[in-house]
Amino acid sequence: MKQFRAFVIKEFYHIFRDRRTMLILLGMPITQILIFGFAINMEVTDIAVAVLNPNPDTYTNQIIERVNANDYFHVDYTIHSQNEIDELFKQNKIDLAIVFPNNFNEDLVHSGKADLQLISDTSDPNTGTIIVNYASGIIADYQKEINNISGNPPYQIVATTRMLYNPEMKSSYSFVPGVMGLILMVISTMMTSISIVREKERGTMEVLLASPLRLSQILIAKTIPYLSLSFINLLTILYLASFLLGVPIRGSLFLIIIISTLYIFLSLLLGLLISTIAKKQVEAIIMAGIGLTMPVMLLSGMLFPIDNMPFLLEKLTHIIPARWYIVIMKKLMIEGLDFTFIIKELSILLGMTGLILALSMLNSKKRLE
Amino acid sequence: MKNNIIVEVSELTKKFGNFTAVDNITFKVTEGEIFGFLGANGAGKTTAMQMLIGLSKQTSGEAFVAGYNIRTESEEIKKNIGYMSQKFSLYEDLKVWENIRLFAGIYGMKDKDIAEKTDDLLKRLDFEDERNTLVKSLPLGWKQKLAFSVAIFHNPKIVFLDEPTGGVDPATRRQFWEMIYKAAEDNITVFATTHYMDEAEYCDRVSIMVDGRIDALDTPSNLKAHFEAKDMDEVFRKLARKATRD
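Quick mapping for you: the protein sequence lines, in order, are chains A and B. Per our numbering, the very first residue in the first sequence carries number 324; after that it's consecutive. Per our numbering, the very first residue in the second sequence carries number 485; after that it's consecutive.
The hints are simulated quantities; they were obtained by calculation from the structure and are not laboratory data. Using N, Cα and C, we set each Cβ at its ideal position, and we do this for glycine too. Where hints are given, some of them may not hold.
Said to hold, decoys possible - Output of the computed footprint for chain A on chain B, the stretches with three or more beta carbons under 8 Å from beta carbons of chain A: (1) 535-543; (2) 556-565; (3) 590-600.
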């Protein structure tokens with residue numbers, strides 16, 4: 324045990340001495356969350372509006388005026404049919420459409436209540452929501468204004484909203500699980516394999532193997548510092564996501580941490596597996612970097628939705644552990660589902676862990692023959 | 485010289501597929517001896533040594549190191565030996581004393597003993613000012629001396645050196661061999677591979693490997709007499725030529 328401790332201390336020295344790498348490792352989750360977060364939470368300005376107003380009257384014209392007078396909005400198009408709305412959205416010419424019904428005036432005057440519709444593009448869910456909220460605010464202000472003048476009966480203008488292209492606003496914060504899946508894999512797999520292969524390359528591994536340390540002790544000692552780093556990063560990501568970006572953590576935090584631990588463990592094992600194959604650090608970097616990180620980014624659903632992939636690529640995503648981890652995290656964090664909804668994905672992750680464990684044990688044994 | 489046998493090898497063979505790297509070698513090393521394990525590159529020195537220290541399993545034959553069977557008791561052997569590999573084997577990003585403490589710790593020494601012995605060692609090597617220096621900023625000769633000192637720090641019965649003086653200037657090599665003599669005086673058996681033939685002269689006995697076999701094994705002076713050579717270099721060249729004629 325004492326030998327083991329001496330060895331683990333040495334591993335931490337390696338990390339602390341290599342300041343640049345350590346900064347990258349600890350800074351990566353922070354920058355990623357900030358970049359993704361602020362790209363999404365940008366203030367929305369310069370909102371182009373189209374108006375469909377079949378029966379213009381004082382009220383509708385005043386509403387349009389109010390919207391146009393607002394600094395954020397400019398009414399660019401006055402259209403005459405629903406079809407034009409789709410067309411304008413597709414050409415990316417407008418961000419919001421305001422649709423008045425034929426009998427807006429009649430409804431408002433006679434029954435005191437009229438509907439209008441706000442249509443926005445929620446393929447970027449945050450922007451879409453922000454735009455609709457701004458517009459609803461303007462309309463609510465207008466309603467107050469006319470009620471102050473006429474007094475009785477109080478008029479009510481109901482703005483119903485329609486989200487185009489992404490009605491359930493899926494994946495509004497899905498980059499957070501994606502960043503988790505990527506960073507934990509990079510640190511655990513790439514750094515572990517590099518640190519083991521470095522010992523092989525420098526010749527120190529031979530000295531260690533000729534010492535009373537057991538191979539299992541060496542390998543476990545190698546993983547401990549990266550396990551700790553991964554935990555620090557996991558907590559940083561969760562903290563930043565929930566307090567800085569307001570990403571909801573709806574499901575059980577306990578389950579999130581337990582399953583992330585499993586995923587970290589799986590990634591460490593992958594690192595060990597790579598280290599039994601690679602002889603040079605460069606090889607380890609290529610295998611972990613291009614062989615793992617790239618597929619995680621491209622095929623895990625982090626950047627590109629899996630549903631839209633061609634059949635073969637879609638099948639290929641099944642062998643990527645990060646895909647399943649990210650799905651679990653989305654379900655737990657964002658959709659707030661409970662354990663029963665993740666049993667399938669969790670079983671797959673467990674199966675993969677077992678498989679990689681068996682492979683890397685088999686491989687490291689063979690290497691010693 | 486005492487007659488305790490510390491390494492006993494009989495008919496040790498290692499095959500990689502069809503290639504026989506080590507071919508049926510048999511020899512003994514006695515305690516306190518400086519044993520030179522010579523051979524051209526690829527003659528099988530390193531493979532033979534790796535079997536003795538438990539880094540590689542033999543195909544056939546038996547060997548005992550410090551009284552333990554290399555096939556079944558490699559864990560015991562590892563506690564009783566020191567090893568310095570061909571590549572420079574300390575950690576460059578650790579300080580001098582951290583390297584010493586790490587390896588002493590791996591060999592299970594007590595913290596108090598480590599501290600005392602570290603002070604002694606640094607004084608003896610005249611390294612006291614370098615205690616907190618990162619190993620990567622030491623000159624190669626110093627690194628090698630330090631690596632050897634670390635390999636025998638835990639007072640092993642035998643230390644295995646794989647080409648310990650590669651790439652070092654003659655003056656430093658001379659100093660290095662003085663350290664080896666000192667270790668032998670402290671009753672640490674030294675088992676060293678080398679291809680510097682002048683170094684072979686420093687050994688008590690040398691074996692010369694050719695194509696995986698041990699073709700000669702004796703004291704340097706006996707070998708020179710036997711092969712009618714003026715130095716070990718000539719012995720070696722005669723042997724190598726003989727081997728190719730066969």
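Discussion item. At least three residues with a C-beta closer than 8 Å to a C-beta of chain A: is that true for the region 590-600 of chain B?
Written reply: holds (count 3)
Worksheet item: Counting residues of the region 556-565 of chain B with a beta carbon closer than 8 Å to any beta carbon of chain A, are there 3 or more?
Response: holds (count 4)
Practice prompt. Confirm or reject the coverage of the region 535-543 of chain B by chain A under the rule of 3 or more residues with a beta carbon closer than 8 Å to the chain's beta carbons.
Written response: That given contact holds, which follows from 5 residues of the region 535-543 of chain B lying within Cβ reach (below 8 Å) of chain A.
Checked against the numbered hints above, the structure violates none of them.
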